[in-house]
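Put together the whole structure using the sequences plus the hints.
Those sequence lines, one after another, are chains A and B. Quick note on UniProt numbering: the first sequence kicks off at 1 and runs consecutively. Quick note on UniProt numbering: the second sequence kicks off at 1 and runs consecutively.
Keep in mind that the hints were calculated from the coordinates and are not lab data. Among the hints, a few may not be true.
To be verified - Per label pair, the in silico range of CB-to-CB distance:
no., chain 1, residue 1, chain 2, residue 2, range
1, B, ALA217, A, GLU136, 54 to 64 Å
2, B, ARG138, A, MET201, 12 to 22 Å
3, A, ALA445, B, THR169, 35 to 45 Å
4, B, ALA39, A, VAL275, 27 to 37 Å
5, B, SER60, A, SER449, 40 to 50 Å
6, A, LEU714, B, ALA237, 52 to 62 Å
What the hints assert, rightly or not - Covered stretches of chain B (chain A as the covering partner; in silico rule of three or more C-beta atoms under 8 Å from a C-beta of chain A):
no., segment
7, 173-181
8, 245-253
Every value quoted in this text rests on a predicted model; they were computed, and no experiment measured them. We put the CB at the ideal spot given by N, CA and C, even for glycine.
Here's the letter readout for the chains.
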Amino acid sequence: MAKDFGIGASSKRREDKRFLTGTGRYTDDMNKPGQAYVHFLRSDMASGRINGIDIAAAEAAPGVIKVFTSRDFEAVGGVPCGWQVTDRHGEPMKEPKHPVLAEGFVRHVGDPIAAVVAETRAQARDAAELIEVDLEELPAVVNLRAAVSGGTAVHPEAPDNLCYDWDFPAESKDAVDEAIRNAHHVTVLELVNNRLVANPMEPRAAIGEYDAADDQHTLWTTSQNPHVIRLLMGAFVLGIPEHKLRVVAPDVGGGFGSKIYHYAEEAFVTLAAKVLNRPVKWTSDRGEAFMSDAHGRDHVCKVELAMDAEGHFLALRSTTLANMGAYLSTFAPCIPTWLHGTLLAGNYKTPLIFTNVRAVFTNTVPVDAYRGAGRPEATYLIERTVDKAAREMGIDPAELRRRNFITQFPYQTPVAVEYDSGDYNATLDKVLEGSDRAGFEARKAESASRGKLRGYGLAHYIEACGIAPSSLVGALGARAGLYEAATVRVNPTGSISVFTGSHSHGQGHETTFAQVVADMLGVPEDSIDIVHGDTNRVPFGMGTYGSRSLAVGGSAIVKSVDKIVAKAKKIAAHLLEAAESDITFENGQFSVQGTDKSLAWGEVCLAAYVPHKYPIETLEPGLEETSFYDPANFTYPSGAYACEVEVDPETGKVEVLSFTAADDFGNVVNPMIVEGQVHGGLAQGLGQALMEGCVYDENGQLITASFMDYAMPLAKDLPSFTVDNSACTPCTHNPLGVKGCGEAGAIGSPPALVNAVLDALSDYGIAHIDMPLTPSKVWAAIDAARPAAAAE
Amino acid sequence: MYNFDYLRPASLAEAVEAMKGEDAQAISGGQTLIPTLKARLASPSVLVDLSGLAELKGVSREGDKLAIGAATRHADVAGSEAVRSAIPALAALAGNIGDPAVRNRGTLGGSVANNDPAACYPSAALALGATIHTSAGRAIAADDFFLGMFETALEEGELVTRVDFPIPTAANYQKFEQPASRFALVGVFVARFPGGARVAITGACEGGVSRWDAAEAALSSDFSAGAVTGMAFPADALIGDIHGTPAYRANLIGVLTRRAVQACG
Chain A
1 MAKDFGIGAS
11 SKRREDKRFL
21 TGTGRYTDDM
31 NKPGQAYVHF
41 LRSDMASGRI
51 NGIDIAAAEA
61 APGVIKVFTS
71 RDFEAVGGVP
81 CGWQVTDRHG
91 EPMKEPKHPV
101 LAEGFVRHVG
111 DPIAAVVAET
121 RAQARDAAEL
131 IEVDLEELPA
141 VVNLRAAVSG
151 GTAVHPEAPD
161 NLCYDWDFPA
171 ESKDAVDEAI
181 RNAHHVTVLE
191 LVNNRLVANP
201 MEPRAAIGEY
211 DAADDQHTLW
221 TTSQNPHVIR
231 LLMGAFVLGI
241 PEHKLRVVAP
251 DVGGGFGSKI
261 YHYAEEAFVT
271 LAAKVLNRPV
281 KWTSDRGEAF
291 MSDAHGRDHV
301 CKVELAMDAE
311 GHFLALRSTT
321 LANMGAYLST
331 FAPCIPTWLH
341 GTLLAGNYKT
351 PLIFTNVRAV
361 FTNTVPVDAY
371 RGAGRPEATY
381 LIERTVDKAA
391 REMGIDPAEL
401 RRRNFITQFP
411 YQTPVAVEYD
421 SGDYNATLDK
431 VLEGSDRAGF
441 EARKAESASR
451 GKLRGYGLAH
461 YIEACGIAPS
471 SLVGALGARA
481 GLYEAATVRV
491 NPTGSISVFT
501 GSHSHGQGHE
511 TTFAQVVADM
521 LGVPEDSIDI
531 VHGDTNRVPF
541 GMGTYGSRSL
551 AVGGSAIVKS
561 VDKIVAKAKK
571 IAAHLLEAAE
581 SDITFENGQF
591 SVQGTDKSLA
601 WGEVCLAAYV
611 PHKYPIETLE
621 PGLEETSFYD
631 PANFTYPSGA
641 YACEVEVDPE
651 TGKVEVLSFT
661 AADDFGNVVN
671 PMIVEGQVHG
681 GLAQGLGQAL
691 MEGCVYDENG
701 QLITASFMDY
711 AMPLAKDLPS
721 FTVDNSACTP
731 CTHNPLGVKG
741 CGEAGAIGSP
751 PALVNAVLDA
761 LSDYGIAHID
771 MPLTPSKVWA
781 AIDAARPAAA
791 AE
Chain B
1 MYNFDYLRPA
11 SLAEAVEAMK
21 GEDAQAISGG
31 QTLIPTLKAR
41 LASPSVLVDL
51 SGLAELKGVS
61 REGDKLAIGA
71 ATRHADVAGS
81 EAVRSAIPAL
91 AALAGNIGDP
101 AVRNRGTLGG
111 SVANNDPAAC
121 YPSAALALGA
131 TIHTSAGRAI
141 AADDFFLGMF
151 ETALEEGELV
161 TRVDFPIPTA
171 ANYQKFEQPA
181 SRFALVGVFV
191 ARFPGGARVA
201 ITGACEGGVS
211 RWDAAEAALS
221 SDFSAGAVTG
231 MAFPADALIG
241 DIHGTPAYRA
251 NLIGVLTRRA
261 VQACG
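Given below as structure tokens:
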């Protein structure tokens, strides 16, 4: 029977009341006394030299308080990067300065040149039109292959436009080359992982405040990790120590990775508030978001998979060009390397793996993590190649996967990571059954009778979530630790405030975390409040990304609750005049074993704060504990996805008829929330596969600069998903046995859909179509293949 | 958005007077104009809001035609019993424009006056041989009204007041959505009348909504899917963009025309 509270219960999301009734408190909802507004004048050129900026007319315009240019930022640092990758020659990556406002050159459409602060938003925008920028257009670097072929450089520091050229594992290169040379068969695939725009529902916003009386700065911002912003901005850009800088990320309307990073606008409003001694607010509009939020994906790859005659994988080699955009965003360098190369084993026991990744500067918006971050790119590359291999080898795609599955755990991959648990055959069985694979041929025949092509596609995925062991990521170049912190404060009457360094921007932490604490203490969920997003209230935190909140943040909470229980038992033992070892704690009751003596949770909590009868010589009063949890390993969620499509060969339109997911997330705290996370991930993954694609023209102009041209999936584009997480193997190294569920849907679904479409088109001999599989692209592939198909 | 004055006249006469102001711009549902204003791509000095003009709203059947007021919203056309029984294809077209928010603000008059090359309504007006009535007392045949992308026969300050749609024997509209905007990547409206067939194409042509003469001729002598199978719309005057090449649009025109004829029964 389903539980009705605590771990395993589908508790309704408590935060939804305010979200659904319009009482959420987002950054743009806030207005500070005396607030001014900033409007950024952004480059409409992809590449140009700034020969002069005339701000006189703008400064004289009505309502204008000050016009800022890079000259006002000479004393501050650039926007820093949080990860350093070392290249194959042992050299650090190229790390050109990312100024808050453009210094001498603009490097992408949307690069901020100047900022106008005025009494109203409209006045700031009006005045920005009066700024005269003498901008000399320079050739733009846009195409990845062209970027590394010599010619124009985005930054003088990187004349070949390479941020780094990375081999992994370097020592495997020769063995992989040899295995590929000698193999029975090698499947080769060139593919593009299409560039995406995250498009959270809430555009970014920031308010800077300054209190001169105590030299205190406050930044209100749309962030997934306020403490990280405090660290990056305070230490590297503005030189403000932590105790003088408060960063608050209140309700945040979706992030998907794009709100992890420290952005120039945050530093701007923080500094401007001090310069002008009044609050300064910025709110992005949707058009601005397209050209200033970090984009995602954008890889160009070649993959080779060597097999023996039975289809056993012998070696995998991939080469990737990864777009960094014009500047390095906070985590950009680690996405195509440590979050991508380390996942190239997938679910398979391929013994030899080697990858080369070249990260490339271009005159485009910076590219960084987007839901999945490196792992979708790895999964897509592997699962498309495996499907192509199955076709070439004449082996059923499910059977080829089974033949190569990792089945023994723990499993040390040849790409550094060690998987702790999983059962890939179990999720495959679930998905084949749930999608009625057995009935597919009959359904295909029915489609054919209507002139439609039906296809069935499978994909598996593996993720590395619960990011991450600090010592490991430190060795890989991270400039921070990736633990999480939590304070559990039990109040005198037994109610509980939990302060977590994780940040909820749609994930439902306020509900899930309360379930964990309620389960451990046997107290009602509504006696527990979850506090997050404020550096002045929460002790510390690394934030929410990489499906880490429950696995890492939740584990920190568990540690603190364990400490609370241990202390409370000591108090109970004293009150009950029993030995501590005889005290049991169950369902909110402290009892003396073998007696009928007991105390309720609230009585012990009260005693902690009213210590009249208390072991005061050996125990401090109060009941509050803080813990930092640093994970021992990544977690490894995995799963099998099946997609069934129908293609209209006359128009190329793909209809997704069904999508079946069988995920292994380890233990599940709230099945309803997990299902919702999978639904959202699937919608984004299918969006990438079917319709989303960020397009620049050859001059670096952003063609998909609005929803008129950037396609987002609607409910009507998607089927009703079938989601299962019963084939679960708990994580072996965190206290809850949880693995993380936030990114899975976006990771596993693109290859499942593309495999399904290519299955539908199998009669045409079409080996590959790059995402997104828009009607025009699918039709063009069919049209080009038609003469060949007709001739057969 | 730049600043502007705002007028909401109570009668058509007042509206016409207001439109004489320099850089005056009429606003009906505003589903194109408001995003344009927000992006600062237009800077009218005065917005003349037509939403208060009851005389421009409503549907009535007058003999062999449907008269629809210019300020009638898409949702009202889609839900109108008179439209659904007389020209179900027109009701279906209106019911599939944009999303519910767009359909509950956007109007027939706004759509035909704007003449977006990917809008749905102009193809219905052209294929059905509609007559566009204006505030200047003119009755303009659809063939003379749509002059090219975003261009119409309307004079400065002249407002659409009503569109009369002749009732066909059968009609069908096939819309193939552009994946992002959900406007027509290609839309084909086929109308059959006792005297012959008319076919209008939207979304595809450089010159905006257009008739397909060759298909009309074929269908006028033999109104069957077979009559247009294999016919190709010339690709040289078709739009090419990231959502479809001219060749792809030409293919869609052929496919959708055939399907529209089939759907006419």
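We went through each hint and held it up to the structure:
1. B:ALA217 x A:GLU136: 54 to 64 Å: Since ALA217 (chain B) and GLU136 (chain A) have Cβ atoms about 56 Å apart, the given range 54 to 64 Å holds.
2. B:ARG138 x A:MET201: 12 to 22 Å: violated, 46 Å
3. A:ALA445 x B:THR169: 35 to 45 Å: holds, 37 Å
4. B:ALA39 x A:VAL275: 27 to 37 Å: Hint holds: Cβ distance 30 Å, inside 27 to 37 Å.
5. B:SER60 x A:SER449: 40 to 50 Å: With Cβ atoms ~45 Å apart, the hint holds.
6. A:LEU714 x B:ALA237: 52 to 62 Å: violated, 31 Å
7. 173-181: holds (count 4)
8. 245-253: holds (count 5)
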